Every structure is written in C-alpha cells, then in structure tokens.
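Student: Spelled out, the chains give:
Number of protein chains: 2
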Amino acid sequence: MDVMDAILKRRSIRAFTDEPVPGEAVERLLEAARWAPSGGNRQFWRFIEVRDPRRLDMIKMFSAGLKGDPTLIIAICAKVSEPMNLLDLGMASENIMLEAVELGLGSCAIASYSEGPVKQLLGIPDDTDLVLLLSMGYPDESPAPRPKKPLNEIAFSEKFGEGFRS
Amino acid sequence: MDVMDAILKRRSIRAFTDEPVPGEAVERLLEAARWAPSGGNRQFWRFIEVRDPRRLDMIKMFSAGLKGDPTLIIAICAKVSEPMNLLDLGMASENIMLEAVELGLGSCAIASYSEGPVKQLLGIPDDTDLVLLLSMGYPDESPAPRPKKPLNEIAFSEKFGEGFRS
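One line per chain: the protein sequences are A and B, in this order.
Just so we're aligned, residue 1 is where the first sequence starts under our numbering, counting upward by one.
Just so we're aligned, residue 1 is where the second sequence starts under our numbering, counting upward by one.
The following block holds chain A by itself, in its conformation from the complex (with noise of 0.2 Å):
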C-alpha cells in the first residue's frame, strides 16, 4: 500500500475483532518501529508487545482512554531524559501505526491511563517512563474521518502566517 494511502486510511480504531494478531505481524511492526529515526541514532525506545488477554483485560482496566477490545497492545516506554526525545517516539509509533494499516490493522493512540499500576502490570522499572499505548487488532468499525483543519489554516509560505502558495 503507498505511503500517501495508508496515510490517509488511517483511522483511530476503537472497535476490534477477536480475531488475534499473528506473531509475524507483530514482528513487522516492531521491525518498522525499530528504523524510525532518532535524534543522534541513540534508538532509545523500548516495546513492550502485550498479547495475553488476562494481561490485556488489565490493562484496560486501568486505561481510561482504551475503548473496546484490543487484542494486541504496544507499550511505547523510554527512559525520557528531556522533552525532546519525545519526537522520536512519535515518530517511531506513527511507523507503528502505519505499518498497521497496511497489514489491515487498526490502531488508537492513548495516552490516558493510570501510569503506577499499568507500569507494575508490564514490570516498567521505576527509571523508565511509560510514554504511550497503542491499543491495536484487527478493525470491527470503518470511521468517517475526523474533520482536519484546512492546508491554509497550519501551513504558511516562507513565513509564519502567511498564506501557503503551492
């Protein structure tokens, strides 16, 4: 599928089948996570791929943004020495999510959840932070897109707030 359309087919999903995510498939994801770039290379990430559903059940109890029920989970953790590297990992989970829609999986980005006992429930060490969970599966819901604000009203021409010319 091709970068612009798995772009644009991208949807949060918040509905899963029961259908479980095979194991290669997780692996590609994880394999397109791994070649995000990273500021200085330094690859500082860790995933945390979480397919047990006793474990999965937990979590979702304890994730108030986790709607529906995913059969695949990714933790997305890093030891997150300055604001900064928060870049890399957004761009290592938008590799995820891609990679997700081209494998006919859905995905929804949440940061909402209880971060202590999330944390003991996917053994975190204390000097690690948990950033994000990508709760994943295959998609139960086909949503319209969200209403994106227009080219002209985020993009500017040579200077900030000046009208975009393509």
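The reader is advised that the hints may include incorrect statements.
Copies of the same chain look alike in the list, so a pair counts if it works inside one copy or between any two.
Stated by the list, open to error - Below, in silico cross-link-like pairs of lysine-lysine (BS3-like), each with a Cα-Cα straight-line distance of 30 Å or less:
no.: 1; residue 1: Lys67; residue 2: Lys148
no.: 2; residue 1: Lys159; residue 2: Lys149
no.: 3; residue 1: Lys67; residue 2: Lys79
no.: 4; residue 1: Lys119; residue 2: Lys60
no.: 5; residue 1: Lys119; residue 2: Lys149
no.: 6; residue 1: Lys119; residue 2: Lys67
no.: 7; residue 1: Lys60; residue 2: Lys159
no.: 8; residue 1: Lys79; residue 2: Lys159
The set of hints was computed from the structure by calculation and includes no laboratory data.
Computed from a prediction, not measured in an experiment: that's the story for all the values here.
Use these hints to put chain B onto chain A, whose structure you have.
Tutor: Same frame as chain A, but now just chain B:
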C-alpha cells in the same frame, strides 16, 4: 511505494542536488502532515515551508545541525503546552519524512539551531515554539543504513525485559 519499503529506505540525507522541490510536492508533504493523528484531534501544529534560497541560506547560518544545502525546509511549530504534545509533532514529522521517500525526496530532522534567530527569520511569534526543522531536497547521496539495535534488545513480549518471541 509500500509503507514498509519507505520506512526501510528512509535515510537522514545531508547532501542535496540544486533541483528545486515543486510546489505540488510541498503540498503533498504538508497534506501528509495534516492527516497525522493528534491527541483529542487538536491539530495544534503549524508548518512553515521555506524555498526562498536567501532565507534557506540564512536559516542554515544559524543551524549548527543542518548539513548540505536543502532546497526546502519545513519548520514544525506549535504552542507546546505540555511535553506530550511533542508526540503528535513527531507523528506529523514522520508522515512528512515517509511521504518524502515516496516522492523521491530526502530529509533530515534537525533539532540543533539557534532558536531566537531562526524564529525571527521565520516570523514565528513569541508564544509559539519552533520544535524541529526538516531539511529537504532531492538527495545527492545514498548513505548506508545506520546501525540499528536488534529487535531482541528493544522489544519485549508481555513484560519489560522478557525476550520478544513472535
């Protein structure tokens, strides 16, 4: 181009030909950014595309991390109210960099620049942060991939530290 191909082919490009980037390509890059996910669909990002050779030169003068002579710079800006917003900006930036691969363009994410002068050159208001510069253009080099940590060092199954098994 398939998503995974673009992910694997992307390199940080630091040498560019002097071929200008056409407006339609710039529009596609910004369109890719526009469709990135953002927390609560807030889309608080703003993008400035710079192709004026004089302004490109001046930005370069104040950007220690910028190598080569890009024919396009996309500045990623936002009012970063909380560090987590940086995740969204990373996702939008990755969309731009992957779509660039599809269009035959190269890119490099630059975080090392003198914020004051570059903000002034771009007319960015005081209340808005300049978060990242993407230097872009048609690549004049084909760098080998940077070494990447193996999957079993960065990915775990079920719990942090437990070996990844697909």
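Student: Compare the structure with each hint and give your call.
Tutor: Against the structure, the hints come out as follows:
no.: 1; hint: Lys67 <-> Lys148; in the structure: within (22 Å within a copy, 34 Å between copies)
no.: 2; hint: Lys159 <-> Lys149; in the structure: within (19 Å within a copy, 39 Å between copies)
no.: 3; hint: Lys67 <-> Lys79; in the structure: both (27 Å within a copy, 28 Å between copies)
no.: 4; hint: Lys119 <-> Lys60; in the structure: within (13 Å within a copy, 42 Å between copies)
no.: 5; hint: Lys119 <-> Lys149; in the structure: between (35 Å within a copy, 23 Å between copies)
no.: 6; hint: Lys119 <-> Lys67; in the structure: within (19 Å within a copy, 40 Å between copies)
no.: 7; hint: Lys60 <-> Lys159; in the structure: between (44 Å within a copy, 16 Å between copies)
no.: 8; hint: Lys79 <-> Lys159; in the structure: between (35 Å within a copy, 16 Å between copies)
Checked against the numbered hints listed earlier, the structure breaks none of them; every hint is satisfied.
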